[in-house]
Amino acid sequence: MDKDILIKRAVGLIAAHFGDSTAKMYEKHFSSLSEDAILATIEELLSEIVGPSNAKKQTAILCAL
Amino acid sequence: MRVMKKFYFILMLSAVFVVQAASYTLINDEDLSARAETISYLLPPLIAVVCGVFLLRFFNIRHGRGLSLSLIVLGLAGWLLGEVLWVLFGILDINQTPSIADLFYIIAYPLMAAGFFMEIKRGKVEWTAKKALFLLPLLAIGFYFTIVYGIIGAYDAEASIFENMINMFYGVGDTILGLLVAIILMIIWEYRGGKIFFPWLYIFMGVILTLIPDILYAVYFDAYMEGLSPYRYLDLVWGLSYLFFAYGFFALGQLVKDIQNRISVPPPAEE
Numbered sequence: 270m271d272k273d274i275l276i277k278r279a280v281g282l283i284a285a286h287f288g289d290s291t292a293k294m295y296e297k298h299f300s301s302l303s304e305d306a307i308l309a310t311i312e313e314l315l316s317e318i319v320g321p322s323n324a325k326k327q328t329a330i331l332c333a334l
Numbered sequence: 010m011r012v013m014k015k016f017y018f019i020l021m022l023s024a025v026f027v028v029q030a031a032s033y034t035l036i037n038d039e040d041l042s043a044r045a046e047t048i049s050y051l052l053p054p055l056i057a058v059v060c061g062v063f064l065l066r067f068f069n070i071r072h073g074r075g076l077s078l079s080l081i082v083l084g085l086a087g088w089l090l091g092e093v094l095w096v097l098f099g100i101l102d103i104n105q106t107p108s109i110a111d112l113f114y115i116i117a118y119p120l121m122a123a124g125f126f127m128e129i130k131r132g133k134v135e136w137t138a139k140k141a142l143f144l145l146p147l148l149a150i151g152f153y154f155t156i157v158y159g160i161i162g163a164y165d166a167e168a169s170i171f172e173n174m175i176n177m178f179y180g181v182g183d184t185i186l187g188l189l190v191a192i193i194l195m196i197i198w199e200y201r202g203g204k205i206f207f208p209w210l211y212i213f214m215g216v217i218l219t220l221i222p223d224i225l226y227a228v229y230f231d232a233y234m235e236g237l238s239p240y241r242y243l244d245l246v247w248g249l250s251y252l253f254f255a256y257g258f259f260a261l262g263q264l265v266k267d268i269q270n271r272i273s274v275p276p277p278a279e280e
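Chains A and B supply the protein sequences, listed in that same order.
Going by the numbering used here, the first sequence opens with residue 270, and the numbers climb by one from there.
Going by the numbering used here, the second sequence opens with residue 10, and the numbers climb by one from there.
Treat the hints loosely; a few may be bogus.
DSS-like cross-link-like pairs, simulated, lysine-lysine; straight-line CA separation at most 25 Å [to be verified]:
(1) A:Lys325 with A:Lys293
(2) A:Lys325 with B:Lys140
(3) A:Lys277 with B:Lys266
(4) A:Lys325 with B:Lys139
(5) B:Lys266 with A:Lys297
(6) B:Lys204 with A:Lys326
(7) B:Lys139 with A:Lys326
One side only, chain B facing chain A, incomplete, derived with CB under 8 Å [unchecked claim]:
(8) Phe67
(9) Gly75
(10) Arg201
(11) Leu264
(12) Val265
(13) Ile268
(14) Ile272
Read the hints as simulated data drawn from the structure, not as lab findings.
In this text the structure is predicted, and so the values were computed from the model without any measurement.
In this text, a Cβ means the ideal position worked out from N, Cα and C, and glycines have one as well.
Could you put the whole structure together from the sequences, leaning on the hints where they help?
Written as structure tokens, this is what we have:
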């Protein structure tokens, strides 16, 4: 998957849960990471916040899009 | 540091509740008691709305969670305005119900229902037979109490049609909220194991602690209006519900702050 698209989707997911200001901060942060690191970060973050089962569901949607 | 913040916040909310409970139970002087009750009655909804507004600064209120939270906070602001007018009419000896205060109380129900409904959509709840089996008996019990006591029980043959409509609308509003709350339970279930579970649990508690005194208010309306004990203590339960809302918003705000701080603070250098 293209990195820009991945960042856009990951940031969208963060915005939906934690608001636009948080999403903007992560957008900057993600630009310095690799695709794998972005996916790992978002999965770890969601797992901690919305719970492991919900996180899996949401990251699966993110990858499938 | 964050744990201390939470501790002090809980301490502050507990102090507000203790002051409210004390003003209702310990002051013997009638005039002083009335004044203390008025101030302490308005503090919890004010705190809840202030916490809600502080939480909203993290979100864009035009979409996503920001929109759903702003609808819930707007609903609470409606209740706060209703409470202020209720107290004001009481002081000025104006008829408290039906009055314009009812309008603000009632308008809060569709606003909050819309906010919770949007959260339900975001929660991506997957319906399973197990969840339905858990939810249906709860819904049946909830509907029984809200319809029998909140709607039918609120009917007063001696009151005007307008008064009855207003009293019964509270029951309808509570039924809608009760239904949404049951579904929020499912969302909370989805978030189990995650840190967002707890803020939603506190908000859920806030709604439950609104629903119960709402139903009791409809059933014991006359006794409550006469200020008889224990019916007058319904105010304390409503007060507690607002404090749960406040803590839910505070906890959610702390969670967002925590997530932001993770990347705004550079990681410690490796040795």
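(request) List in ascending order the numbers of the hints, as given earlier, that are violated by the structure. (result) none
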